[in-house]
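**Student:** Heads up: the protein sequence lines correspond to chains X and S, in order.
Taking my numbering, the leading residue of the first sequence gets 385, the next gets one more, and so forth.
Taking my numbering, the leading residue of the second sequence gets 385, the next gets one more, and so forth.
Since the hints were derived computationally from the structure, they do not count as laboratory data.
There could be a bad hint or two in this list.
What the hints assert, rightly or not - Now the in silico label distances, taken between C-beta atoms and shown as ranges:
1. D620(S) <-> R513(X): 31 to 37 Å
2. T400(S) <-> G421(X): 53 to 59 Å
3. D503(X) <-> G508(S): 38 to 44 Å
4. H522(X) <-> D438(S): 51 to 57 Å
5. P598(X) <-> D620(S): 27 to 33 Å
6. P510(S) <-> H522(X): 41 to 47 Å
7. K456(S) <-> G555(X): 51 to 57 Å
8. R639(S) <-> S643(X): 40 to 46 Å
9. P510(S) <-> A445(X): 57 to 63 Å
10. K441(X) <-> E505(S): 50 to 56 Å
11. V492(S) <-> D516(X): 48 to 54 Å
To be verified - Per the computed footprint, the stretches of chain S lying under chain X, defined by three or more beta-carbons under 8 Å from a beta-carbon of chain X, are:
12. 491–504
13. 547–558
14. 566–577
15. 580–591
16. 644–655
The C-beta atom is built at its ideal place from N, Cα and C for all residues, glycine as well.
2 protein chains.
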Amino acid sequence: MHGSILKVGICQLRTTYDIEKNMSRAIEMTSDAARLGADIVALPEMFLCPYEPDHIKKSMAFASRALEGLRKSALEHGIYIVAGSLPYTRHGGKPFNRSFVFDTGGRVVCFHDKLHLFDCEPPGGPVVRESDIIKEGHHLDTFMTPWGMAAVIVCYDIRFTPLLQLLADRGVVLLFVPAAFSITTGRAHWEMLVRLRAVEIQGFVVGIQPAYDPGLKYVPWGHSIVANPWGDVLMDAGKEEVVEVVDIDMEDAGRIRGSFPLLDHRRLDLYSTEWRDN
Amino acid sequence: MHGSILKVGICQLRTTYDIEKNMSRAIEMTSDAARLGADIVALPEMFLCPYEPDHIKKSMAFASRALEGLRKSALEHGIYIVAGSLPYTRHGGKPFNRSFVFDTGGRVVCFHDKLHLFDCEPPGGPVVRESDIIKEGHHLDTFMTPWGMAAVIVCYDIRFTPLLQLLADRGVVLLFVPAAFSITTGRAHWEMLVRLRAVEIQGFVVGIQPAYDPGLKYVPWGHSIVANPWGDVLMDAGKEEVVEVVDIDMEDAGRIRGSFPLLDHRRLDLYSTEWRDN
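Next up, chain X with everything else stripped away, as it sits in the complex:
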């Protein structure tokens, strides 16, 4: 039996240029989180390496081993693992930026390929052209957990509000967002995005970032955050590498939906957000 309290584990990994080391560290951190009592443990976007094209390409060769290690960790500890994201391709060619979700039996219950690729020059940089090395996804999925309906989207996806409307329509109350916001976009928008998306879906949003490291070319912002349905920050992991476990009370979603019924107040007689089934 599961109550309404879910213990979410955040692995704010410090990615280095040693892919082998990042892989071991990521798997180890999921075990650490499990030992701290976590029910669901999450990793950041592209946890195998810094968010830099050459390293992402190199990390492709490690994807299978990393997934196998995380599968075993999920099974061994009886936890869900939201495996951040990694470059994934079945038949060669450009990979997806894919997040896998393992359940307590080590089964893949969901995956998400990043839908919106970050081809941007934020004011203050750095310039990124993700589409040079990554293929965009084409589907949007959810997965049921003992604590409620959940989903994963990746990083830049969080900026696109139609996705959030669609996920809310599908009953999502727990949204994981593995990300790698830089110090520029992180400082400017990260906290607002996580908090306000939680308000909008009337659920919990778990944003997982790599640790800050000024020695990298692409410097991550850190600050993994968990926000409740009122947009309060339940946990901010700060800048350094850390494993954090946070209690969230899933009943808060029902409470806020009762007293502040934002989703019910939508004027679906006037507008709609539709997923085009291709």
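Fit chain S to the known structure of chain X by using the hints.
**Tutor:** Only chain S this time, still in chain X's reference frame:
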């Protein structure tokens, strides 16, 4: 000829229980803003009275005179006026919560009836049942200005992201949001909402609130805010009654759309937001 610099005037009126006085003060503040050089001047939601049902009902009798005074002010000073909102009905019965926009010739170029009525109990109160006294709107409009395409939505409307997607689709780069967030919802969400909506539409958002007044039953948060397309706060009016004029450079919208093309990155092959023409 107009350059790309628009001077936006904010009238953060302190509403009292004296409707006649609020009306005169509102008109006077638009003149003050014009004298400070404003091109477009905006008032808060329900500027004729505190946001309380009995007073809103009483204020209906003043709507025509208030609009006539603002029309004259627009014409006299050659400014646009976004006339916050007031209760408006043509044929009796429940009024709309309507915002009128006057152009420099005193013509009504747009109006907006609040689409989402605030029937909520925010954590910490106060409880509001707007639908008891207000009729919900049914249309969404825009108006062209010499500085670009503009629109008005009212208060609670800002929480509903499909509206923002639709307005962005219609080319809106300048969005006015007359509002009356309370100290509860104001503290929790107001600044995030104004800033993030500006990021999402890649334009400017002007949020106009009544001044804070702890002597009122419904205590407004104050803090009228102007945010640029990167979500920076260009002006925060604080708590007290004040007229502020802010320079905004409309070319910032084009610049950000060039380097950080969020609207172009939308996956319109996968999802869409549609307005249902009734």
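**Student:** For every hint, state whether the structure bears it out.
**Tutor:** Status of each hint after checking the structure:
1. For D620(S) and R513(X), the Cβ-Cβ distance of about 36 Å falls inside the hinted range of 31 to 37 Å, so the restraint holds.
2. Between T400(S) and G421(X) the beta carbons are some 55 Å apart, a value that agrees with the proposed interval 53 to 59 Å.
3. At roughly 42 Å, the beta-carbon separation of D503(X) and G508(S) lies within the given 38 to 44 Å, and the hint holds.
4. Between H522(X) and D438(S) the beta carbon distance is about 54 Å. The supplied range of 51 to 57 Å therefore holds.
5. Between P598(X) and D620(S) the C-beta distance comes to about 31 Å, which sits within the given range of 27 to 33 Å.
6. Our hint of 41 to 47 Å for P510(S) and H522(X) holds, since their Cβ atoms are close to 46 Å apart.
7. For the hinted restraint 51 to 57 Å between K456(S) and G555(X), the CB-CB distance of approximately 53 Å keeps it satisfied.
8. Checking the proposed 40 to 46 Å range against R639(S) and S643(X) shows it holds: the Cβ atoms sit about 41 Å from each other.
9. Range check, P510(S) to A445(X): Cβ separation about 59 Å, and the 57 to 63 Å hint holds.
10. The hint said 50 to 56 Å for the Cβ distance between K441(X) and E505(S), and at roughly 53 Å that hint holds.
11. Separation of V492(S) from D516(X) is about 50 Å and conforms to the stated range, judged on CB atoms against 48 to 54 Å.
12. Residue count for the stretch 491–504 of chain S with a Cβ under 8 Å from a Cβ of chain X: 5. That meets the three needed, and the coverage hint holds.
13. Counting residues of the stretch 547–558 of chain S whose C-beta sits closer than 8 Å to any C-beta of chain X gives 4, which meets the bar of three, so the coverage hint holds.
14. Given as covered by chain X, the stretch 566–577 of chain S passes the check, having 4 residues with a CB less than 8 Å from a CB of that chain where 3 are the minimum.
15. Residues of the stretch 580–591 of chain S lying with their CB closer than 8 Å to a CB of chain X number 3, which satisfies the three-residue condition for coverage.
16. For the stretch 644–655 of chain S, the proposed coverage by chain X is satisfied: 9 residues have a C-beta within less than 8 Å of a C-beta in that chain, meeting the threshold of three.
When held up to the earlier numbered hints, the structure conflicts with none and fits them all.
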